[in-house]
Amino acid sequence: MEWIVTGIALVSVVLIALLASRPQLTRGHAGKAIAFVAMFVLPSLVTAVGVQVHLERAKSTEFCLSCHEMEPYGESLHVADPTWVAANHFLSNRVARDQACYTCHTQYTMFGDVNAKLAGLKHLWIHYTGDIPETIELYQPYNNRECLHCHGAARNYLENEFHDGMIAEMASGEVSCLDCHGPVHDVESVDDMEIWEAP
Amino acid sequence: MNTRGFRLAAGLLIVGLLVEVATLFFGGPESFMAFAGLGALLVAVGIVLYLLAVLRAGSAGESSGG
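So the protein lines, in turn, are chains B and P. Residue numbers for the first sequence follow the numbering used here, beginning at 1 and rising by one. Residue numbers for the second sequence follow the numbering used here, beginning at 1 and rising by one.
Check the hints yourself; a few may be wrong.
[What the hints assert, rightly or not] Covered stretches of chain B (in silico footprint by chain P; criterion: 3 or more residues with CB under 8 Å from a CB of chain P, positions within the stretch not fixed):
1. 2 to 9
2. 61 to 72
[What the hints assert, rightly or not] Here chain B is said to cover these stretches of chain P; the calculated rule only asks that three of the stretch's residues, wherever they fall, bring their Cβ under 8 Å from a Cβ of chain B:
3. 4 to 12
4. 18 to 27
5. 35 to 47
The hints are simulated quantities; they were obtained by calculation from the structure and are not laboratory data. Small disclaimer: the values here were computed from a predicted structure and weren't measured. Quick reminder that beta carbons are idealized off the backbone N, C-alpha and C, glycines included.
Using the sequences and the hints, build the whole thing.
Given below as structure tokens:
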């Protein structure tokens, strides 16, 4: 995709340079049409595809963990203790490893994707302004909806004896999944934990 | 067409497009910031200036009778 966009951008750049060096070319109808394509259509297309490429990249685990503030969270994904929720999901391939952060930290709602991007922009702002809180916290309590997006219809969730009589409460958020399942990241104790890396 | 406005738009578009393309080959938040904060911004301003130059050329053509 990057090379296609680059090709389109270079065609646009060459045409724009030609038109800028010889503006008289835009006097005729053909010249006007070429100028419109080179200076409006192609740049808009390159920008739109570029936005898509960058937004897709921003979903990657590597992207999230590239900020040093997130390093302990990245380490917590490798904790060998299976009770650690994030590590269990990551090491057991229950989430795609290349989009691990995004899979659990986006909201599965109509505008969840947009909200995640806006939150990401806010994180970038905080990162660059250096106003980083000592303890990083979620903006709002973790919503069961994000867990139930995958687990909600799973047999091992619905038929689990510990969930008996609580399915409705968990669906409504009255009972949090994290009341029983955890720790999730617990970055303060991650250094004391055994770390598992793929051989 | 206003040649100065047209050339300014062209310059901004060229620089903006080159910045956008360059960021596509680097990952990470910095690359995203350069794309959105510089490349896309220059392209957007370039497009607006180009459209203004076209509109001005159109209205100048009408007022001069052709």
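So, going through the hints one by one against the coordinates:
| no. | hint | result |
| --- | --- | --- |
| 1 | 2 to 9 | holds (count 4) |
| 2 | 61 to 72 | holds (count 4) |
| 3 | 4 to 12 | holds (count 5) |
| 4 | 18 to 27 | holds (count 7) |
| 5 | 35 to 47 | holds (count 8) |
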